[in-house]
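Protein chains: 2
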Amino acid sequence: METLDTVPDEDFLRLDHQICFSLHAATRAFNGVYREALKELGLTYPQYLVMLVLWEHGELPVKGIGERLRLDSGTLSPLLKRLEAAGHVERRRSPEDERSVTVRLTADGTALREKALAVPRRIAAATGLEVAEIVDLRERLDALAARLDAVDPDDLGSCATGA
Amino acid sequence: METLDTVPDEDFLRLDHQICFSLHAATRAFNGVYREALKELGLTYPQYLVMLVLWEHGELPVKGIGERLRLDSGTLSPLLKRLEAAGHVERRRSPEDERSVTVRLTADGTALREKALAVPRRIAAATGLEVAEIVDLRERLDALAARLDAVDPDDLGSCATGA
DNA sequence: CACTATTAAGTTGTGCACAACTCAATCGCG
DNA sequence: CGCGATTGAGTTGTGCACAACTTAATAGTG
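Residue numbers (the UniProt record's numbering), protein chains in the order written: chain A, 1 to 163; chain B, 1 to 163.
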């Protein structure tokens, strides 16, 4: 089997070009298709991800949403404000812990779920993949992300110097 | 085999949640690792992608870069200005066609390639994947992106209404 | 109890993605 | 040739991602 060590630096840079680009392109292609499909719902793709989490849990603190989507408050705060302005969610300080803000679906936000049900099936159909393939791809991506998340930053700092 | 039609809407929304999130998370995990590795080069991940293209072609019009990375001038113009300010590239109007701007590597930008050679190998090692797996994943992502890019927007517009 | 450390959310600043637009250069057709 | 259509860059505005920071509330320790 061809291992990493047998590939020269030059080819590696080309390979890197390709995998970087592929992941980047696939994400943006997904984004583009979702953008179109979600237009009628008045949601962006990240807003849709937040709504998916809320449809599953009904009510969550900002922190809980952030943990599930790996987004920090710097991203979520303005996004949630926009969802609130659109009437999809309510935000209120938790009585038990005044630091925490609970995000809850409004009737409007709950109703939006019905409209959203048709979206993923169309998208999946557009990919031309079977359920098993989708699940497989998902598992590979999750494994990849887990590996990358576990990387010690100190192991990469010296990349640039080739040390 | 389980086909798309046998999965109820409810499960589909959950499945969607997962594949959306997985792709999103994998991209951001990749971004995070690259951000760290590229810090010493003074490049962001998208800037690195542009440099990869330039290292391969030496000199390209803005349009050529955009075609290869599927980015428009709205994204590239400011990004290229920053690369120019950093001294990595030069931009000049093409003499043959005054509309076109040619982007060319400076000596500094060319030299940066040597430093960059070590980066992808480290990243690949961090993923824990063999070359064959990387290539396979890349092919799947490319196929997925191609499928999604080919989707007719009109086929998605009616998603929301379930028509 | 007082005081420090930690935690949750929000703010600010930078950079990317993309839609919609402007402007100038070029093309192409009558 | 003249003139409308197209093309290539660039600008503007919105939204997301993330680092660094602020603020207020809570937890933990002596």
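These are calculated hints, taken from the structure and not from any lab test.
Be a bit skeptical, because a hint or two may be false.
To be verified - Quick list of simulated restraints, FRET-style, between CB atoms:
(1) B:Pro78 / A:Pro78: 20 to 28 Å
(2) B:Val135 / A:Arg93: 18 to 26 Å
(3) B:Arg35 / A:Glu56: 52 to 60 Å
(4) A:Glu59 / B:Gly74: 23 to 31 Å
(5) A:Val135 / B:Glu90: 23 to 31 Å
(6) A:Asp97 / B:Asp72: 19 to 27 Å
(7) A:Val135 / B:Ala125: 38 to 46 Å
(8) B:Asp97 / A:Ala143: 45 to 53 Å
(9) A:Glu59 / B:Gly87: 46 to 54 Å
(10) A:Ala107 / B:Arg99: 47 to 55 Å
(11) A:Arg70 / B:Gly128: 31 to 39 Å
(12) B:Glu114 / A:Pro78: 35 to 43 Å
Think of the CB as a built atom: it goes at the ideal place given N, C-alpha and C, for glycine as much as any other residue.
### Assessment of proposed distance window 23 to 31 Å (beta carbons of Val135 (chain A), Glu90 (chain B))
violated (48 Å)
### Task
Could you see if the CB distance from Val135 (chain B) to Arg93 (chain A) stays within 18 to 26 Å?
violated (51 Å)
### Ala107 (chain A) paired with Arg99 (chain B), Cβ distance criterion 47 to 55 Å
At 53 Å between Cβs, range holds.
### Query
When you take the CB atoms of Arg35 (chain B) and Glu56 (chain A), is the distance between them in 52 to 60 Å?
Violated, since Arg35 (chain B) and Glu56 (chain A) (Cβ atoms, about 30 Å apart) do not stay within the stated range.
### Message
Tell me if the beta carbons of Glu59 (chain A) and Gly74 (chain B) are separated by a distance inside 23 to 31 Å.
### Response
violated (38 Å)
### Message
Assuming the hint says 20 to 28 Å, is it satisfied by the Cβ distance from Pro78 (chain B) to Pro78 (chain A) or not?
### Response
holds (21 Å)
### Query
Taking the beta carbons of Glu114 (chain B) and Pro78 (chain A), is their distance inside 35 to 43 Å?
holds (41 Å)
### Query
Do Val135 (chain A) and Ala125 (chain B) keep their Cβ atoms within the hinted range of 38 to 46 Å?
27 Å Cβ-Cβ, so the 38 to 46 Å window is violated.
### Message
Taking the Cβ atom of Glu59 (chain A) and the Cβ atom of Gly87 (chain B), is their distance within the range 46 to 54 Å?
### Response
Between Glu59 (chain A) and Gly87 (chain B), where Cβ atoms are some 52 Å apart, the hint holds.
### Message
A range of 45 to 53 Å was offered for this pair. Does it hold for the Cβ distance of Asp97 (chain B) and Ala143 (chain A)?
### Response
With a Cβ separation near 47 Å, Asp97 (chain B) and Ala143 (chain A) satisfy 45 to 53 Å, so the hint holds.
### Query
Is it true that Asp97 (chain A) and Asp72 (chain B) lie within 19 to 27 Å of each other by Cβ?
At 45 Å between Cβs, range violated.
### Message
31 to 39 Å was suggested as the range; check whether the CB atoms of Arg70 (chain A) and Gly128 (chain B) agree with it.
### Response
Since Arg70 (chain A) and Gly128 (chain B) have Cβ atoms about 20 Å apart, the given range 31 to 39 Å is violated.
Taken one by one, the earlier hints fail for this structure at numbers 2, 3, 4, 5, 6, 7 and 11, listed in ascending order.
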